[in-house]
Amino acid sequence: GAAQMDGAILVCSAADGPMPQTREHILLARQVGVPYIIVFLNKCDLVDDAELLELVEMEVRELLSKYEFPGDDLPIIKGSARMALEGKEGEMGVDAVLRLADALDAYIPTPERAVDGAFLMPVEDVFSISGRGTVVTGRIERGIVKVGEEIEIVGITDTVKTTCTGVEMFRKLLDQG
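In the working numbering, the protein residues as written are 56 to 232.
In short, the hints are calculated from the structure, not lab data. Heads up, a few of these hints could be off.
As the list claims (entries may be wrong) - Calculated pairs, EDC-like style, for lysine to aspartate or glutamate (alpha carbon to alpha carbon, straight line, at most 16 Å):
(1) K201 <-> D230
(2) K201 <-> E223
(3) K201 <-> E167
Predicted model only: the values in this text are computed from it and were never measured.
Sequences are here, hints too, so could you generate the full structure?
Quick look at the structure:
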């Protein structure tokens, strides 16, 4: 799953600074080949000292640089997830999440997707949903699949032919994937 990510958001507490798990998450992102990281410095509403906030940001940037991410250049968004969830307007609340969304759009490039060629989707997970049947999840690597099209499931056992009965992405039903 992680090897297919186009980017990641690293959430770090401004009140606590980088913790041991912060280092582990950065190392894991490096090991699985996550190409881009954006940082959300959370709980900034709990830090009154601007210098302390700057120090935490520097620590995070140094840690990212240590693991060969461009620590000096990547976006760090400061805010408060709690304030945003409470619908509080302003720099620390809703605006911070909007800045995070803007940073995602600006910093992480839209990957080139090979839409030509035969449909190929490595299966990440398989589960059963009552009323729907067997559902598979994954990220399409090549080609396009449309609802109603015949597809082949290729694996360790014999190839199975079946029909695509639905395509969904982030809880939205689509005509094709």
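Hints versus structure:
At most 16 Å may separate the alpha-carbon atoms for a hinted pair to count; K201 and D230 meet this at roughly 6 Å. Straight-line distance between C-alpha atoms of K201 and E223 comes to about 11 Å, which keeps the hinted pair within the 16 Å bound. Simply put, K201 and E167 have alpha-carbon atoms about 20 Å apart, too far for the 16 Å limit, and the pair is violated.
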